[in-house]
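Enquirer: Listed below are the residues making up each chain.
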Amino acid sequence: MRAAVVLFPGSNREGDAARALALAGAQVVKVWHEETELPAGTDLVVLPGGFSYGDYLRCGAIAGRAAVMGPVRAHAARGGRVLGICNGFQILCESGLLPGILMRNANLRFICHRQTLRVERADTAFTRRYGKGQVIDVCVAHGEGNYTADAETLNRLEGEGLVAFRYCDERGGITADANRNGSMNSIAGVYSDRLNVLGMMPHPENLIDDLVGGTDGRGLFESLVAT
Amino acid sequence: MKARVTVTLKTGVLDPQGKAIEGALKSLGVDGVASVRQGKVFDIEVDAADRTRAEETLKAACEKLLANTVVENYRVEIAT
Chain U
1 MRAAVVLFPG SNREGDAARA LALAGAQVVK VWHEETELPA GTDLVVLPGG
51 FSYGDYLRCG AIAGRAAVMG PVRAHAARGG RVLGICNGFQ ILCESGLLPG
101 ILMRNANLRF ICHRQTLRVE RADTAFTRRY GKGQVIDVCV AHGEGNYTAD
151 AETLNRLEGE GLVAFRYCDE RGGITADANR NGSMNSIAGV YSDRLNVLGM
201 MPHPENLIDD LVGGTDGRGL FESLVAT
Chain W
228 MKARVTVTLK TGVLDPQGKA IEGALKSLGV DGVASVRQGK VFDIEVDAAD
278 RTRAEETLKA ACEKLLANTV VENYRVEIAT
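Respectively, the protein sequence lines represent chains U and W. Position 70 of the first sequence, counting from 1, maps to 70 under the working numbering, and the rest follow consecutively. Position 47 of the second sequence, counting from 1, maps to 274 under the working numbering, and the rest follow consecutively.
What the simulated footprint calls covered on chain U by chain W, stretch by stretch (three residues with Cβ under 8 Å from a Cβ of chain W suffice, anywhere in the stretch; the number is not a length): (1) 52-63; (2) 105-118; (3) 147-153.
Just so you know, the hints here were simulated from the structure itself, not pulled from any lab data. Ideal Cβ positions, reconstructed from N, Cα and C, are used throughout, including at glycine.
Based on the provided sequences and hints, a complete structural model is requested.
Expert: See below:
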């Protein structure tokens, strides 16, 4: 599986994303944001976390309109897989590849902590190594992760099963306490209509090694490589 | 041509920053503040032949980048 990790000015998690992908068995190349095409044979595009363009204007707004997003959009339109993590999720929303927007956290604080997530479905290219309803332990680190969409969009996401992950407590309960950024419906990640684009605020790439606290993030990368 | 673009949150969109500012004003003893909504202002110098062209340029700028119309409205004013 060939993965292209896109690097924008201000991305800072591309190394971790690449490491997680490589560990799962992917061939990884990094792609600069000014590129107007993706490497031949790219199966997966990853937009990593960070602070592209210093979060100027709105998080992900400028990166979402970068040259490389043209071929990324074409890749997604062909059914190619795209994963956006944290700032990558913000970029996907700003580029229109995913609906909604990530607003300032409801408590106005940058949050950085371990977070349990509930896997809402395990039949996608991103989650087949997990079980439906499984609770996984990952990390969050963001100031703008408050998922917001209009009522119609939210209904569609829920009705069509496009919510990928929700913030939950250790037992999988969807509670206000577990939803620390204030996201609508505790949404931590969403899929595109065809389930080939996933954006998520938490960082599965942080939890791929017991040495640093856990391996629950591995399943996502292993799912992608296995598909 | 000088222009000003104002981007504001749509009605009903939660604005935690505005709320925090509102709270701070109250705690500073600034009386009479009922509510605060935070937005953005862009002062733009437009290189256009006439007003209509300038408006088109600014509208394109707003739609393509300056505003996220999922949650924001924009207003364009061109200085006379």
